[in-house]
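Produce the entire structure from the sequences given, and follow the hints as far as they go.
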Amino acid sequence: MFVLQMLTVLSLTVIFLASVEGNGVQMQRDVQCCMLYSQGKVRAKDVLRFEVQTKGPDCSIRAIILYTKKAVKCADPRDRKVRRLLRKLLQRQLYKNHRTIWMLPHDNLPVMSQDKKDNWAVLNVQ
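Just so you know, the sequence shown maps onto residues -22 to -1, 1 to 104 in mature numbering (1 follows the signal peptide of the UniProt record, and there is no 0).
Check before you lean on any hint, since a few could be wrong.
In silico PhoX-like links for lysine-lysine, alpha-carbon gap of 20 Å or less [unchecked claim]:
{"hint": "1", "residue 1": "K19", "residue 2": "K59"}
{"hint": "2", "residue 1": "K33", "residue 2": "K74"}
{"hint": "3", "residue 1": "K74", "residue 2": "K47"}
{"hint": "4", "residue 1": "K59", "residue 2": "K23"}
{"hint": "5", "residue 1": "K19", "residue 2": "K48"}
{"hint": "6", "residue 1": "K33", "residue 2": "K66"}
{"hint": "7", "residue 1": "K74", "residue 2": "K19"}
{"hint": "8", "residue 1": "K74", "residue 2": "K23"}
{"hint": "9", "residue 1": "K23", "residue 2": "K48"}
{"hint": "10", "residue 1": "K47", "residue 2": "K33"}
{"hint": "11", "residue 1": "K47", "residue 2": "K23"}
Label pairs and their calculated CB-CB ranges [unchecked claim]:
{"hint": "12", "residue 1": "G34", "residue 2": "Y73", "range": "32 to 40 Å"}
{"hint": "13", "residue 1": "M13", "residue 2": "N75", "range": "31 to 39 Å"}
{"hint": "14", "residue 1": "D36", "residue 2": "Y73", "range": "30 to 38 Å"}
These are calculated hints, taken from the structure and not from any lab test. Ideal Cβ positions, reconstructed from N, Cα and C, are used throughout, including at glycine.
Right, here's the structure in full:
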């Protein structure tokens, strides 16, 4: 439920940012905001994380900051391909969160125990 709310808020933020005009920018060193939009493609598998940059006194444009394996890219939130990339990244995060849900042990499921003699973990079926 929380993940769905987070996804909704982030989607609305991206839509809002996509509807507002901005001027191009490049990354500034001291303020750490985008000053121009980067050119070229960014693959979803290369993105480690992303941030939403809002327009303010220090940053003159709205942008999506993509932290990739090799560089930091500034993307235009109004761009259709950027919105598609964000959807993929959010889906990946939802899938990742879903995979890490732990189940309580039920009947006939393997249970991990520790062998005191050798300090080895042993998988037992009960």
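Against the structure, the hints come out as follows:
Only pairs whose Cα atoms come within 20 Å are accepted, and K19 paired with K59 is accepted, the gap being roughly 9 Å. For the hint pairing K33 with K74, the CA-to-CA distance comes to about 31 Å; that exceeds 20 Å, so the pair is violated. Among the hinted pairs, K74 with K47 is consistent with the structure: their alpha-carbon atoms are about 19 Å apart, no more than 20 Å. With a C-alpha separation of about 15 Å, the suggested pair K59 and K23 falls inside the 20 Å cut-off, and the hint holds.
This hinted pair checks out: K19 and K48 have alpha carbons roughly 13 Å apart, not beyond 20 Å. The hinted pair formed by K33 and K66 fails the criterion: a straight-line CA distance of about 24 Å is larger than 20 Å. For the given pair, K74 sits about 24 Å from K19 by alpha-carbon distance, which is inconsistent with the 20 Å threshold. A hinted pair counts as satisfied when its Cα atoms are at most 20 Å apart, and K74 with K23 qualifies at roughly 13 Å.
Proposed proximity of K23 and K48 is supported: the alpha carbons are some 12 Å apart, at most 20 Å. Between K47 and K33 the alpha-carbon distance is near 26 Å, which puts this suggested pair outside the 20 Å criterion. With a C-alpha separation of about 9 Å, the suggested pair K47 and K23 falls inside the 20 Å cut-off, and the hint holds. A hinted range of 32 to 40 Å holds for the C-beta pair G34 and Y73, which are about 33 Å apart.
Between M13 and N75 the beta carbon distance is about 33 Å. The supplied range of 31 to 39 Å therefore holds. At roughly 35 Å, the beta-carbon separation of D36 and Y73 lies within the given 30 to 38 Å, and the hint holds.
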